[in-house]
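S.K.: Residue numbers (full-length UniProt numbering), protein chains in the order written: chain A, 1 to 115; chain B, 1 to 115.
The set of hints was computed from the structure by calculation and includes no laboratory data. Careful, some of the hints might be misleading.
[As the list claims (entries may be wrong)] Cut-off 16 Å, straight-line C-alpha distance, at most; resulting in silico cross-link-like pairs (EDC-like, lysine to aspartate or glutamate):
| no. | chain 1 | residue 1 | chain 2 | residue 2 |
| --- | --- | --- | --- | --- |
| 1 | A | Lys24 | A | Glu88 |
| 2 | A | Lys106 | B | Glu113 |
| 3 | B | Lys106 | A | Glu90 |
| 4 | B | Lys43 | A | Glu113 |
| 5 | A | Lys24 | A | Glu90 |
| 6 | B | Lys43 | B | Glu30 |
| 7 | B | Lys11 | A | Glu13 |
| 8 | B | Lys106 | A | Glu13 |
| 9 | B | Lys82 | B | Glu30 |
| 10 | B | Lys26 | B | Glu90 |
| 11 | A | Lys106 | B | Asp98 |
| 12 | B | Lys106 | A | Asp98 |
| 13 | B | Lys24 | B | Glu90 |
| 14 | A | Lys11 | B | Asp37 |
| 15 | B | Lys11 | A | Asp7 |
| 16 | A | Lys11 | B | Glu88 |
| 17 | A | Lys26 | B | Glu113 |
| 18 | A | Lys55 | A | Glu65 |
| 19 | B | Lys11 | A | Glu99 |
| 20 | A | Lys106 | B | Glu90 |
| 21 | A | Lys11 | B | Glu113 |
| 22 | A | Lys82 | A | Asp8 |
| 23 | A | Lys11 | B | Asp7 |
| 24 | B | Lys26 | A | Glu113 |
| 25 | B | Lys82 | B | Asp37 |
| 26 | B | Lys26 | B | Glu88 |
| 27 | A | Lys43 | B | Glu113 |
| 28 | B | Lys11 | A | Asp8 |
Protein chains: 2
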Amino acid sequence: MAVNIYDDINKLESTFRSTEEFGKLKQAVEAVTADSDSSQLFKNFRDLQITLQQKQAQGEEITEEEMVSAQETAQAAQADPKILAMLEAEMGLSQIIDEVNRVLIKPVQSLYESM
Amino acid sequence: MAVNIYDDINKLESTFRSTEEFGKLKQAVEAVTADSDSSQLFKNFRDLQITLQQKQAQGEEITEEEMVSAQETAQAAQADPKILAMLEAEMGLSQIIDEVNRVLIKPVQSLYESM
Ligand SMILES: [Ca+2]
Ligand SMILES: [Ca+2]
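So that you can see chain A by itself, here it is in the shape it has in the complex:
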């Protein structure tokens, strides 16, 4: 890997951390952390997601009961304005990362499309 691309990656990371979206996520994480109800709701949501992802990764069956429980926990989390703000801020950052991927993959695809 050419050394100078690291400079560009680090510059991008620095700008990424100074975006409005990143600031919003930081504030939202702080607001959730400061609220014991929101904090507990989010932990339930995250723990259940991790459990189900692990089951799926191990090829284990996910029961209908677990699916319903996951949906209910997700709905309860998203009904909390502090958690919702956090998830929305995270989505904003995901959109930036997706854009970076699109921009980098495009010239590679163009080479293959020339074939």
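Got chain A sorted already, so can you dock chain B with the ligands onto it with the hints?
M.R.: Chain B with the ligands in isolation, oriented as in the chain A frame:
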């Protein structure tokens, strides 16, 4: 999205296109394109991959015959030095893109780990 992050993304894309890895892929694509045997082998490989991916996306069963055929086509493609060079160059570029993703996801993960 803060406007100035586009400058960083575009700068990164420009450096990405000037990496040794991108130059290697460009040359490899040209070498494959210029060789009708390599070109045909690669097209067989790519067409079969796309067909199987579409089947999978539509939830259709992939037969053992198709799996064996896919493996044989992949092996034949990779046994061609020109195609192998192209796939290796592409892997080098994927590693750069993976690194960019890791660098950007890290500060987001750090925020969540603080919870
Ligand atoms: Ca509360
Ligand atoms: Ca030939």
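S.K.: Taking the hints in turn, state whether each one holds.
M.R.: Verification of the hints:
1. Lys24/A with Glu88/A: With Cα atoms ~9 Å apart, Lys24/A and Glu88/A stay inside 16 Å; holds.
2. Lys106/A with Glu113/B: violated (33 Å)
3. Lys106/B with Glu90/A: The given pair, whose Cα atoms are some 13 Å apart, holds under the 16 Å limit.
4. Lys43/B with Glu113/A: Roughly 12 Å separates the two Cα atoms, so the pair holds.
5. Lys24/A with Glu90/A: holds (9 Å)
6. Lys43/B with Glu30/B: holds (14 Å)
7. Lys11/B with Glu13/A: holds (13 Å)
8. Lys106/B with Glu13/A: Roughly 9 Å separates the two Cα atoms, so the pair holds.
9. Lys82/B with Glu30/B: Roughly 10 Å between the alpha carbons, so the hint for Lys82/B and Glu30/B holds.
10. Lys26/B with Glu90/B: Measuring from Cα to Cα gives roughly 10 Å; hence the hint holds.
11. Lys106/A with Asp98/B: Roughly 15 Å separates the two Cα atoms, so the pair holds.
12. Lys106/B with Asp98/A: holds (15 Å)
13. Lys24/B with Glu90/B: The hint holds at about 9 Å.
14. Lys11/A with Asp37/B: The given pair, whose Cα atoms are some 44 Å apart, is violated under the 16 Å limit.
15. Lys11/B with Asp7/A: holds (10 Å)
16. Lys11/A with Glu88/B: violated (28 Å)
17. Lys26/A with Glu113/B: Judged against 16 Å, a Cα distance of about 12 Å means the pair holds.
18. Lys55/A with Glu65/A: Distance ~14 Å between Lys55/A and Glu65/A Cα, so the pair holds.
19. Lys11/B with Glu99/A: holds (14 Å)
20. Lys106/A with Glu90/B: Between Lys106/A and Glu90/B the Cα gap is close to 13 Å, so the pair holds against 16 Å.
21. Lys11/A with Glu113/B: violated (23 Å)
22. Lys82/A with Asp8/A: violated (34 Å)
23. Lys11/A with Asp7/B: The given pair, whose Cα atoms are some 10 Å apart, holds under the 16 Å limit.
24. Lys26/B with Glu113/A: The given pair, whose Cα atoms are some 12 Å apart, holds under the 16 Å limit.
25. Lys82/B with Asp37/B: Holds: Lys82/B and Asp37/B sit about 10 Å apart, inside 16 Å.
26. Lys26/B with Glu88/B: It holds: about 12 Å lies between the C-alpha atoms, which stays within 16 Å.
27. Lys43/A with Glu113/B: Status holds; Cα separation ~12 Å.
28. Lys11/B with Asp8/A: It holds: about 7 Å lies between the C-alpha atoms, which stays within 16 Å.
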